[in-house]
Structure formats: structure tokens, C-alpha cells
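So you can see what is in the structure, the chains are spelled out below.
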Amino acid sequence: MRAASAPRTQPHSERLLVIDPGAGTFADRRILELPRLTHPGDVWVVNDAATLPASLVISPELELRLVAQEDERTFWALAFGSGDARVPTEQRALPPPLPVGTTLRFGEELSARVVAVDAHSARLIAIRFEQSDARLWQGLYRAGRPIQYAYLSRPLALWDVQNGYASRPWAFEMPSAGRPLSFELLFGLERAGAEVLRLTHAAGISSTGDSALDRRLPIPERYEIPRASAERVSLARARRSRVVAVGTSVTRALESAELGGHRAGVAELLLGPGYRPRVVSGILSGMHEPNTTHFSLLEAFAPRGLLEASFAHAERAGYLEHEFGDACLILPGALSSTECG
Amino acid sequence: MQIAQTATLITGAGRGLGRALGEELARKGARVVLVARTRADVEAVARTIRERGGEAHALVADLGRKEDVYPLVGAASALVGPIGLLIHNASTLGPTPLRLLLDTDCEDLSRVLETNLLGPFRVSRAVAGSMALGTGGTIVHVSSDASVNAYERWGAYSVSKAALDHLARLWAAELGSHGVRSFSVDPGEMRTQMHADAVPEADPATLADPNDVARRIVTLLESDSVANGARLLASDVREVPS
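Sequence lines, in order, name chains A and B.
So in our numbering, spot 158 of the first sequence is number 158, and the numbers just go up one at a time.
So in our numbering, spot 92 of the second sequence is number 92, and the numbers just go up one at a time.
To be clear, the hints were calculated from the coordinates, so they are not data collected in a lab.
There could be a bad hint or two in this list.
Unchecked claim - FRET-style restraints, in silico, Cβ to Cβ:
hint : chain 1 : residue 1 : chain 2 : residue 2 : range
1    : B       : LEU170    : A       : ASP84     : 17 to 25 Å
2    : A       : SER132    : B       : ARG52     : 17 to 25 Å
3    : A       : GLU231    : B       : ASP224    : 20 to 28 Å
4    : A       : ARG227    : B       : ARG52     : 28 to 36 Å
5    : B       : LEU170    : A       : PRO332    : 56 to 64 Å
6    : A       : ALA228    : B       : THR38     : 56 to 64 Å
7    : A       : PRO99     : B       : LEU170    : 29 to 37 Å
8    : A       : SER111    : B       : ALA202    : 22 to 30 Å
9    : B       : SER225    : A       : ASP214    : 33 to 41 Å
For every residue, glycine included, the Cβ atom is placed at its ideal position computed from N, Cα and C.
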């Protein structure tokens, strides 16, 4: 599938591949039609995490990408050696050694010390910033940029990677499933009788450039589900309405909360072919090639054969993939006779 | 609305009315993020508030620059959580002494609109979406009587404030059903640096104390009887608690 090479300027014309695992069928739609695919009583849940400027370039030989926040001043970071965002992560050179105690300077206003190194990979380090509160956050926003992608034709600015409802900056990469959701569509879903709810999930990075590290993805990610959202989701389940997760991060948060019994915590759950979702009925997601980790996550929602057939169709039909690409909706009943209009 | 514990973002908070609003809201228990262009000013205000036991954080940004907006809102939300009260107080007069329209450069009008209209629009765009999908919120636009009266030489500022008043109404129209309150408030003439720049000959004794005006505005915020989208006069608030 071809990658979308830049943020889209006409979001409503983006394509939507609708897969109905109940009916075993798929169909082409436009994202604009989303409100027609929902039923009264459905609940749509978005991840309202804002995207951090998680890429910190220290020198031409060293870039750090923040991947998780440990406490107020301590973050886990992945180190990359020479080569910029145009170089695919797996081809980046190894970074210089960064033993515990190393001081890192990010411009004039921000600095940190290495406080831990992962036992399995010297590229994965914990750093503790020497600033706190406003100085830390202002310094981070001055020094950092959003994580960049090799397939894009121009660098991403911070506003390119924020969803319209984003709030606290918890995400290390954009929770991109929500990107095509304009307020026209969100309010349209509500007018169609659905509810739109939010939670916050610290979406982590999608690729480390190291297959051994990639196998450990996604790393545990913190999440918080507001009481009101948790209650509305419970009511929806009680009346057998559908719960649609906007993105895998929302799925992880809702399923982790169900399994662990906590509205806030750290999601360690791995989704995939063997996992049967207990809360989430369907998912709105981006387009990703078969054989990627993301694709295997979708197998929690539809059988592999149906996914492969529909994605092969999408490829032939010219769908675009990745963060700024087209979308897919996997939802039982989405293509049944109750679809109106 | 309840002020205590509300995550609050105030622009133009280094001095004058913005400073007074920050102090008054923090005194009532709000978690306040103060924004100004000059670091020393805004950090001094935050320090004063913290010394009195309040919560305040100082961020530096120029709301006339779009590059400053998401870093500002991101840092503010990291510090105090999702913003529930947003006060657009920062504004510029443009070149002083104030000029007749025929002597106003287009570029000067453009710069005034960037700071006084696009700046508030951009910050609201970055904040109001989470208000609308969350538990709602309040957006206050600090206006001026120049927004409704055509005073000679106030052209650029006047136009920007008239548009800002209407922006306040439009946010209310579009997001009122989602729990977002938006209004504009005319603080009246105050003893501030801005007023001295605009009207150097004014007698300070005839001007309101910004601390008094801030208390009136906070009283309005606490009252839930204000119609969404309204344009309010601080001087209409009768009872001002000390």
C-alpha cells in the first residue's frame, strides 16, 4: 500500500474501508459517512492524549526519542545514532554509549542525566531532567520536535500531530486513528444517537529500529479513564450497545481496565489474534500492511482471512496507509441492513 | 462555576489586569498558568502567588506567533491538567501614539489582529475541543468599549476587539450545547501601562484599580446566571467581595 506522504488537506474526502465481521463482508466508504454507520446508543471512545515533541536531537550523532514517562522528571528514551528522520529507523547507526551518569544537554534551557540503562538494550535509557515544573515543560517544548517519519515529504510540526480534542501531553506518537475525526464528524455521531467519550492513554512509539526491542512493543503505557466515561461504557454494555474504540490505544486502555478492574493504571495487555475483546466491539483505525504488528492487533476484531481479503482490495483500490493515510472501521453490524441512508 | 481546583490559563498575565486576575483566581484556589512575553514579569507574579500559598506556573509565549500556541497549551495541560478556564487577556494597541486609519499601515493592522484575534482563536482551538468532549469549560475574552464605539485613532485595536466579541458569541453558539461557556467582558478604563500608552494625558485618579476589576470579573465567573455568548461590563457588577 502507498503511504500518505503528508498531512491531508481535505480530511472529509479520506477513504474508509468498512469491515463487518458479523456479515463477513467489506465495503468502500468515505470518512464523511461515519455518522451513517453508527447506531443510536453506540459509544465511541477517543484517546485525548496530546502528542509530545518526543524527539530530542542532541547532536548529528545522537537523537533521543522519549517512549514512556516514569515520574514527573524521569522518562525512558530510545537513543538513535547518526542519520535523520529520512533514514528508516532500522537503518540508523548505533548511538554513542550513554552510561549511567552521562549528562545530556538539549539547547540552553534543558538538561538531563542518564539514571538507568536497560539490561537488554543499551539504546534504551532512563533520563532524569534537571529542571522541573514550568521550566521542564517549557524546555521540552522548545527543544523537542514531534517524532518524524521517513515516508513523509516534509517535516511534521507540532500542530500536525494533535487531534482536535487533545488535552494532556501523554502520547509519544500521535494517536492517529482519531486524526480524521473533525468536530463535524464527532457531533455528527452524536446527532445520529451515539455518544462520544474520552480517555487518556500514553500511546507509545511504533518502531524502535531493532527487532529484539520491537518484540517488546508496545511497552507498558499509562492510561486514565474518567469516571463518567467508565460509567457510560458500562451502561452501553448493559444495554448491549456497541463500544467502538478509536485506535488501538483506546482498546488497550478499555480492555486493561476491564481485566485489572482499575480506571487508571498501566496497560500491559497485548492485543492480537488470540485475544477476544471483552469491552470493545469494534475499532476505527488507520491502514497498515498485513504482517505489521498493527495488522496483527486488528485480528482481535476480525478473522485473518477477512482482513487479508479486504486489505488486498484496499491496496488495489489505491488506499493510502500510515499515520496520515485512510481509515478502516471494523465493526459488527456496520454493513448490515440497519445501515441507514 | 466553581473556581477552586479549576485548571486556568491566563494570557497577558505579567502585569495589569492579567496579573490581578491570576492573583484573585489563585486566592480562590484555582490552579493557575500565567502566560506573558516577558519571563521576568510573569515569573515574579507566579512567585508572589506561590508565596501566598496559591498554585501558579509561569510560561513564556508570544500569542502573535502560531508556533507558540501548541507548546503553550501542551505545557499548561501537563502542569495543571485539562484547561477548564481560559482567559484571553493579552492584547496589543499597535503603534502608539495611536494613529488615524489613514496613517495606519496595513502591516500594523495585521499585527494587531494576529495578537488580539488570531492568538485567542488559536489558543481556544487548542483548548475548546477537549472542553467540548470533556466536562465543559469557560472562555473569557477581555474586550474594550472600543469594540462597540468608533473612537478616532483606535482603529486597529477597535476592529480587533469588535471581532473578538463576535468570536466569543460564535464559540457560545457552536459549543454551548457541549458545556462550553464563552463571553466577553469590558473591564472599563483601568490604571494600567496599556491605558497610559493609549491615553497618556488621562488622570490616574479617574481610572479603576485592576485589582478591583479582577474581583468583579471573578464574581461574574462564579455567577451561573450569565447568558452564554454575552458581552458584559465589569462595572455592572455591584457587589464586590473584598
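* **Pairwise beta carbon distance, ARG227/A to ARG52/B, judged against the given window 28 to 36 Å** => holds (32 Å)
* To do: Starting from the range 22 to 30 Å, see whether the pair SER111/A and ALA202/B falls in it by beta-carbon distance.
  => For SER111/A and ALA202/B the Cβ distance comes to about 48 Å; the hint is violated.
* Asked: If you check the beta carbons of PRO99/A and LEU170/B, does the distance land in 29 to 37 Å?
  -> Since PRO99/A and LEU170/B have Cβ atoms about 56 Å apart, the given range 29 to 37 Å is violated.
* Whether the CB-CB distance between LEU170/B and PRO332/A falls inside 56 to 64 Å -> This hint is violated: roughly 39 Å between Cβ atoms.
* Cβ distance range 20 to 28 Å for GLU231/A and ASP224/B, holds or violated -> holds (24 Å)
* Asked: Range hint 33 to 41 Å: satisfied by the CB atoms of SER225/B and ASP214/A?
  -> violated (57 Å)
* Is the hinted range of 17 to 25 Å satisfied by the C-beta distance from LEU170/B to ASP84/A? -> With Cβ atoms ~42 Å apart, the hint is violated.
* Check the following: the C-beta atoms of ALA228/A and THR38/B are separated by a distance inside 56 to 64 Å. => Between ALA228/A and THR38/B, where Cβ atoms are some 40 Å apart, the hint is violated.
* For the range 17 to 25 Å, tell me whether the beta carbons of SER132/A and ARG52/B fit it or not. => holds (21 Å)
The structure fails to meet hints 1, 5, 6, 7, 8 and 9 from the earlier list, while all remaining hints are met.
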